[in-house]
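Trainee: Sequences and hints are given; from them, build the entire structure.
Everything in the sequence shown is counted per our numbering, starting at 352 for the first residue and increasing by one.
Heads up, a few of these hints could be off.
[Said to hold, decoys possible] The calculated EDC-like cross-link candidates involving lysine to aspartate or glutamate, where the alpha carbons are at most 16 Å apart (straight line), are: (1) Lys418 to Glu356; (2) Lys361 to Glu425; (3) Lys362 to Glu425; (4) Lys418 to Asp360; (5) Lys362 to Asp419; (6) Lys385 to Asp417; (7) Lys422 to Glu356; (8) Lys422 to Asp360; (9) Lys361 to Asp419; (10) Lys385 to Asp360; (11) Lys361 to Asp417; (12) Lys385 to Asp419; (13) Lys362 to Asp417.
[Said to hold, decoys possible] Ranges of calculated distance between the beta carbons of each label pair, as one might list FRET restraints: (14) Leu399 to Thr357: 33 to 41 Å; (15) Leu399 to Glu425: 25 to 33 Å; (16) Glu356 to Gly400: 26 to 34 Å; (17) Leu399 to Pro358: 15 to 23 Å; (18) Thr357 to Gly400: 25 to 33 Å.
These are calculated hints, taken from the structure and not from any lab test. Just so you know, these numbers come straight off a predicted model, no measurement behind them. Glycine is no exception: its CB is placed at the ideal position from the N, C-alpha and C atoms.
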Amino acid sequence: MNDMETPSDKKRLIAALLCWFAGILGVHSFYVGKTTAGIIQLLTCGGLGIWALIDLIMILMGSYTDKDGRKLTEWS
Numbered sequence: 352m353n354d355m356e357t358p359s360d361k362k363r364l365i366a367a368l369l370c371w372f373a374g375i376l377g378v379h380s381f382y383v384g385k386t387t388a389g390i391i392q393l394l395t396c397g398g399l400g401i402w403a404l405i406d407l408i409m410i411l412m413g414s415y416t417d418k419d420g421r422k423l424t425e426w427s
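Mentor: Structure representation (structure tokens):
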């Protein structure tokens, strides 16, 4: 299995809750190691909420990735 097939050690439930409650601050992006995206979301209020909403949908659908491109697959 290569790195892209290896699931992330970050949890989907935590990322989803962070995105739901603090998505406009980019906290979920910081959680998965996407610091640049987190800073941009922090400065733009999550892309006026749209970026945060898209991220939440991606997390719930299982297609959101961490900084290394590994999908968040585990809920707990």
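Trainee: Please go over all the hints and tell whether each is borne out by the structure.
Mentor: Verification of the supplied hints:
no. : hint                         : result
1   : Lys418 to Glu356             : holds (14 Å)
2   : Lys361 to Glu425             : holds (8 Å)
3   : Lys362 to Glu425             : holds (5 Å)
4   : Lys418 to Asp360             : holds (11 Å)
5   : Lys362 to Asp419             : holds (14 Å)
6   : Lys385 to Asp417             : holds (7 Å)
7   : Lys422 to Glu356             : holds (8 Å)
8   : Lys422 to Asp360             : holds (9 Å)
9   : Lys361 to Asp419             : holds (11 Å)
10  : Lys385 to Asp360             : holds (14 Å)
11  : Lys361 to Asp417             : holds (8 Å)
12  : Lys385 to Asp419             : holds (9 Å)
13  : Lys362 to Asp417             : holds (10 Å)
14  : Leu399 to Thr357: 33 to 41 Å : holds (34 Å)
15  : Leu399 to Glu425: 25 to 33 Å : holds (31 Å)
16  : Glu356 to Gly400: 26 to 34 Å : holds (33 Å)
17  : Leu399 to Pro358: 15 to 23 Å : violated (31 Å)
18  : Thr357 to Gly400: 25 to 33 Å : holds (32 Å)
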